[in-house]
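There are 2 protein chains.
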Amino acid sequence: MSPSGTDHLARSRRNRFTAVRLNREVELRDDANWVARMLRNPDTRLVPLWRSRSLLERHADGTLAIYLSPAELAEPDRIQPPTLLGSDGEREYFAVSVTDSQKDSILEYHLQARFADLRRASIDMAAKHAGILAYARALHYWQHRHAFCGVCGEPNLLRSAGHRMVCSNEECARQSFPRIDPAIIVLVTHKDACLLGRNAKWPPGQFSTLAGFVEPGESLEDAVVREVYEEVRVQLHEIRYVSSQPWPFPASAMCGFYAEALDMNNGLSEEVEEARWFTVESLKQAVLGGEVRLSPPVSIAFRLLADWFRNNGGGDLEDLVRKQRAMNVTAPTC
Amino acid sequence: MSPSGTDHLARSRRNRFTAVRLNREVELRDDANWVARMLRNPDTRLVPLWRSRSLLERHADGTLAIYLSPAELAEPDRIQPPTLLGSDGEREYFAVSVTDSQKDSILEYHLQARFADLRRASIDMAAKHAGILAYARALHYWQHRHAFCGVCGEPNLLRSAGHRMVCSNEECARQSFPRIDPAIIVLVTHKDACLLGRNAKWPPGQFSTLAGFVEPGESLEDAVVREVYEEVRVQLHEIRYVSSQPWPFPASAMCGFYAEALDMNNGLSEEVEEARWFTVESLKQAVLGGEVRLSPPVSIAFRLLADWFRNNGGGDLEDLVRKQRAMNVTAPTC
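Chains as they are written, first to last, in the working numbering: chain A, 682 to 1015; chain B, 682 to 1015.
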C-alpha cells in the first residue's frame, strides 16, 4: 500500500507533528533540581504559548518557530510552571504560558513575529519545529482545561515538570495526566472509487475523509464501523489500519484507516450533508475544475487520500493541489 | 499473521470487551422525551454500578451479568441521570450508579449476586455481556472523575443521556466528553524469539508484553518506540499494528502492535525489573514448569502472544495455560 510496506512506524513518520526526534526525558521530569538548572541554562529554549497560539515568523520561503532564551522571559512561571518537552540532543525545550503583558514585551523584541494558530501556519513549517510546537500546544491545552480537580472541584497543582496534576485538597489528592482523545479517520473505498464527505459546517466545495471520536467501550475498529454508518449509512466489510498522527487541535490522536464498503449505496446525516464517490479520474477533474477542495497536506486525511490516489495511478496529489491553487480556481485552503 | 489476514476489524473482534453489537443510538441521546420513556419501559435493562463494581453472579459454568428492570430500582437517578448505553436489537440498556442503600436493597432481592471487579470476573463471562459491562464501567468512571469543571471548578451537569458534561457556571459553560486514554501494547520479537517483561509491582513469575500510555504530540508508533526504549532499552526497526481493545480499567483504549528488535540486547528500568527472551519451546517449558505466569486470556497482551505462539508452531496457548492450572504449579492468575 505504502512505500514502506507493512512497517507502520515508517508510515507514521510521513505524517505531520510526529515529534519522535525529541527525547522526552521522562525519567528527569521529577528531578526538580535538574529541571531548575535547565531553566537557567542559556542554551535552553522556551516555547511560548499565548491563548493557545504559537510564536511564529512568516517568511517568503516558509514559517519559522520562534523560541526564547531564558533571559528573554522574566518569570516564566507567572501562569504555571514551565513544562519540560525534552531534548533534541543539543538543548532542552520547555513550553511556557505567557500573560498578556509578557506577550506584549515579547513582541517588542521580536518585531517580525506574531502569536498565531499553529494548524494553519504548520503547512509551510519544518517538520521538526511543527512537531515541537504541536507537543507544546497539546500540553498547554490540557493544563488550561484541568486547572481544577474533576473529583472535588479544588485547584490542581502542576507536578512532574508539567506532565502531572495533583489536587491541592490533601484529602482528595487525585492525580491526573495529559488528556488525549483517540479518534479514527478513514478513507472508505469500493473497488476503484473512494468516498469523500462534506461536513455541514465546512465551506462549499470542501470534501474530506470521514472521522470521529472513539467512544468508551469500543475498539478503534468498532469506532470506524459506527462512525461511517452514522455519517453516511455505509456498511464496511474490511478495515485496514494505516498509521497515526498526533493532532493537537485541540487534543486528538488520529488513527488512520482504509475501509472497503459492501457496496456504493450511501445516505447522509445531520453531520455529513453531501457524500460523493470519486475515481482517480473524477477526483482529478473535480480538483482541477475547482469543484472540490481538499484538506491541507499536513493532515492525515490528505495523506490517506494521496496514498490511495498514487497507488491507483493518479500520481502526486500535492502537485494536483498546487496546480489548483496556481489556477486560482478556489479560495486558498488556509 | 492472523486468521483474518489484513482485516483489522476481524482481528479486533476476537478481543474481549469489543461491544460493537450494541447499537449506541447516538442520535437519540439528546431526545429527552424518548430517553424518559425508555427508562419507564419494563423491557429496559439497568446495568447497576456501585463504586465501579458490576453486579455479577458466579456459577459453576461461568459468571453472569445481572441486569435490573426499571421496577427493581426506585430513583435510578439518585446519584446522576442514568446513562443510555444502546440497544441490542431487543431492548435498551442504561448504566446506573447506585448508592450504598440501593446496593443493599438490590442484594436482598438478588441473593446469589454480588458487586465485584469486572476485570477478574470477565474471564468466564459471555463476550456480549462483558462488553456491555465494560462500556458501562468506562462511562461511570468518567462521570465520577469529572463531577467538577476543570476550567473553573464549578459542578458539571450531565447531559446527552450521560455522554456529555456541561459546566453549571453559565459564564463558563465548558463542555466535556468521555475520556479515553490511548495506550500501546507491544510484543517485541527478534527472529524466532519474543521479549516478555516483569513489572516491578507484579507477583513473582508474572510476565507480559510491554505497554504504556501515548503522550501528547506523539503518534501511536512513536509511543511504541519510546516505551520499549524506556522500559527495556531495546531499539526497534519495524512495527506492525495488530488490533485494538477497549480496556476500562480504568479508561484505556489498548492499541496492539508487533515490533521487531534490532538485536537481542536489552536493559532494565525502574518499571521493568526483569525481561526475558523466549522461543516457543522455552515459553512452553517455562509455563508448564510453573516458572512463568501469563496475563489472563481476556487481555490483548495474551492475544498478541497467543497469535505469535500459534504462528510459530506452538499450538494453542490457552490450552497450555489450562494445563498449567490443572497441574496447579502456580497460584491462579486471578
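Please keep in mind that the hints were generated in silico from the structure rather than gathered at the bench. Being a predicted model, the structure only gives us computed values, none of them experimental. Among these hints, one or two may not hold up.
In this list, chains with the same sequence are indistinguishable; a pair is considered to hold if it fits within one copy or across any two.
What the hints assert, rightly or not - Straight-line alpha carbon distances no greater than 25 Å define the calculated SDA-like cross-link-like pairs of lysine to any residue that follow:
(1) 809 <-> 753
(2) 784 <-> 1003
(3) 809 <-> 741
(4) 1004 <-> 796
(5) 809 <-> 919
(6) 1004 <-> 871
Requested in this report: If the cutoff is 25 Å on CA atoms, where do residue 809 and residue 919 land: within, between, both or neither? Let me know, please.
Outcome: between (35 Å within a copy, 22 Å between copies)
Query raised in the report: Given identical chains, is residue 809 near residue 741, meaning Cα to Cα at most 25 Å, within a copy, between copies, both, or neither?
Result: So residue 809 and residue 741 pass the 25 Å test inside one copy only (19 Å; across, 58 Å).
Requested in this report: If the cutoff is 25 Å on CA atoms, where do residue 809 and residue 753 land: within, between, both or neither? Let me know, please.
Outcome: Answer is within; shortest intra-copy Cα gap is 23 Å, inter-copy 59 Å.
Query raised in the report: 25 Å Cα cut-off: does residue 1004 pair with residue 796 within a copy, between copies, both or neither?
Result: Close neither inside one copy (30 Å) nor across copies (64 Å); limit 25 Å.
Requested in this report: Using 25 Å as the alpha carbon limit, work out where residue 784 and residue 1003 are close: within a copy, between copies, both or neither.
Outcome: neither (35 Å within a copy, 64 Å between copies)
Report task. Since the copies are identical, ignore which copy is meant and state whether residue 1004 and residue 871 lie within 25 Å (CA to CA) inside a copy, between copies, both or neither. Result -> Intra 27 Å, inter 46 Å, cutoff 25 Å: neither.
Taken one by one, the earlier hints fail for this structure at numbers 2, 4, 6, listed in ascending order.
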